[in-house]
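K.L.:
Residues per chain are reported as follows:
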Amino acid sequence: MATTAKVDVPGSDPVLGVQEFLKLLLRQGEIGGVFVQTHLNPHGMPMPTLITDPERLDRADPLAPAFPMNAARMAARLTHGRSGDRVAAVLRPCEIRAFVELVKLNQGSMDEILLIGFDCLGAYSNRNYPRYIGGDDPMSLTSGFLGKTGGSEDTAQSDYDIAEACQSCENLEPLGADIGIGLVGMDLGDHFVVTAHTPQGEAVLSRLGLADVEDPSARRAAMDALVEKRTAYRNAMFERTHEATSTLAGLSEFFARCVNCYNCRAACPVCYCKECVFLTDVFDHKPWQYLGWARHKGMLKMPTDTLFFHLTRLAHMSTSCVGCGQCSNACPNDIPVMELFRTVGARTQAGFDYVPGRSFDEPPPLSVFKADEFPEVAGAD
Amino acid sequence: MDTAVAEEETPQAPATEAFEPTIVAFVCNWCTYTAADLAGTSRLVQRPNVRLVRMMCTGMVDPKYVIKALLGGADAVLISGCHPGDCHYINGNYKARRRVKLLNDILDQFGIDRRRLKLTWVGASEGNEFAETVNDLIEEIRELGPIETRDMMVL
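Protein chains in written order, with UniProt numbering: chain A, 1 to 381; chain B, 1 to 155.
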């Protein structure tokens, strides 16, 4: 497996190259539609869009440094049940991992989807992307962001950079994808490569009549350097967050600006419950309860249950956290939610030797058990 | 917060008075609850620090029950059910063990000592075992001291 083919870039613009590749897929790949981030307004935010007409792909821009939402949820919707045709979904690596988690949690299916990933160089937050594009046509800026050789140029702007989640993301390769678009280390003015990672991807790729190439070692070296840089950033972030929240008082201060809007939960791709318990009658407290709690300590912060909410969410989904950072993106008060969830998630995932999104063969830790495990928690006697 | 205010807020626990731990115990109907009942009818000495919550199975103890108890000022949480292989619902106790493992890894991060969450297996006929488990836990937590949430104004 792992056929690698070359896609030529027209007009020195890799965005056009990706569009041409997607058009080829729609015309020859036995694909019914392409699900891809697309500019729908002249200066707005590109949004996940389902496209069936190849002519409509001319504003598709999956490589733009914009990440309005984790589209794994939308991909799950597209595959929860039958559509009768296969859709090619162009997703970031973290979106693919979240989608794999959702499939394992029975929220989506791999039956009618072809996952197309790409080397992800990150994205600006929803607040900073509009600053990045200013008054320009956003499509004209994407190739500049990617740099001449995919990741070689500094992404930092005057007083902001790509999102913290992206700066601290060491999983930028689209390993779970059927087909991966290789950008890092490529001469993007000339070409990029596409690699099949699965039999399905292999079958589709072989239909397109692209020229096979060896996966150049230049990509490997450039990728390793990027991963190393981001891993170092991540480790520093883990340390900083761990220190700030090593006591409950620290955690309380960490969430001091939280207004219980639950946007982090709404934005989270793996927090999939149709009705969150925190929105049910269970938390519809009565006036006498509030007064009773207030009397207990002489005062009561309202809204109540802020730490309770975050700790419960950590217990419910941290083993599936893919680190996409949409929780931080969605926070109206700029609480670094991603930092905490990744820090704690790294611990809970390591505790079960689980990597979210890595494989369909690994069941989510809380969905299975063994008779003989964790003797330190409670023995087998 | 200045110290004068802090002292005013905890008049019920002056330093001279011995600390009495409060322990919330989620016990399964079929084994540990029956054992607790047996301990009572056998007139075994049990201290009044434990608040028993009778569940149908430890497998239905959601992590949020534990979190709520600890944030609400419980000094420790005990989850106790049937021995492995004896679960009335076949495997609920194994599921409970994974959740306790998960909670340990999370709560540890925020400075909540792992000893504040305990999972044990106590069978229906083990009244003495139940009394011993509870009394040992009370002593352990007494040494550990009160949980941080008792004095926290903002949660």
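A few of these clues could be false.
[Unchecked claim] Label-pair restraints from in silico Cβ distances:
#, chain 1, residue 1, chain 2, residue 2, range
1, A, Pro332, B, Arg47, 43 to 53 Å
2, B, Glu140, A, Phe283, 50 to 60 Å
3, B, Arg47, A, Gly379, 18 to 28 Å
4, B, Glu140, A, Asp159, 43 to 53 Å
5, B, Glu140, A, Asp161, 21 to 31 Å
6, A, Gly134, B, Gly72, 43 to 53 Å
7, A, Met47, B, Glu140, 27 to 37 Å
8, A, Glu373, B, Arg43, 43 to 53 Å
9, B, Arg114, A, Val355, 22 to 32 Å
[Stated by the list, open to error] Stretch-level coverage of chain A by chain B, calculated; a stretch enters the list once three of its residues show a Cβ under 8 Å from a Cβ in chain B:
#, stretch
10, 158–170
11, 312–319
In short, the hints are calculated from the structure, not lab data.
Don't be surprised by glycine CBs; every beta carbon is placed ideally from N, CA and C.
K.L.:
Each hint should be assessed against the structure and marked as holding or not.
P.N.:
Going through the hints against the structure:
Restraint check, proline 332 of chain A to arginine 47 of chain B: a C-beta distance of roughly 48 Å satisfies the suggested window 43 to 53 Å. A C-beta distance of roughly 33 Å is found between glutamate 140 of chain B and phenylalanine 283 of chain A, which places it outside the suggested range of 50 to 60 Å. A beta carbon spacing of about 25 Å between arginine 47 of chain B and glycine 379 of chain A agrees with the range 18 to 28 Å that was offered as a hint. Between glutamate 140 of chain B and aspartate 159 of chain A the CB atoms are about 52 Å apart, so this pair conforms to the stated range of 43 to 53 Å.
Restraint check, glutamate 140 of chain B to aspartate 161 of chain A: a C-beta distance of roughly 48 Å breaks the suggested window 21 to 31 Å. Roughly 50 Å separates the CB atoms of glycine 134 of chain A and glycine 72 of chain B, a value that falls within the hinted 43 to 53 Å. Evaluation of the 27 to 37 Å hint for methionine 47 of chain A and glutamate 140 of chain B yields a failure: the beta carbon distance comes to about 55 Å. The hinted window of 43 to 53 Å between glutamate 373 of chain A and arginine 43 of chain B is violated, with their beta carbons roughly 38 Å apart.
The beta-carbon spacing between arginine 114 of chain B and valine 355 of chain A, approximately 24 Å, falls within the hinted interval of 22 to 32 Å. For the stretch 158–170 of chain A, the assignment as covered by chain B is violated, since 0 residues bring a beta-carbon within under 8 Å of that chain's beta-carbons and 3 are needed. Check result for the stretch 312–319 of chain A against chain B: holds, 6 residues qualifying (beta carbon to beta carbon below 8 Å, three or more required).
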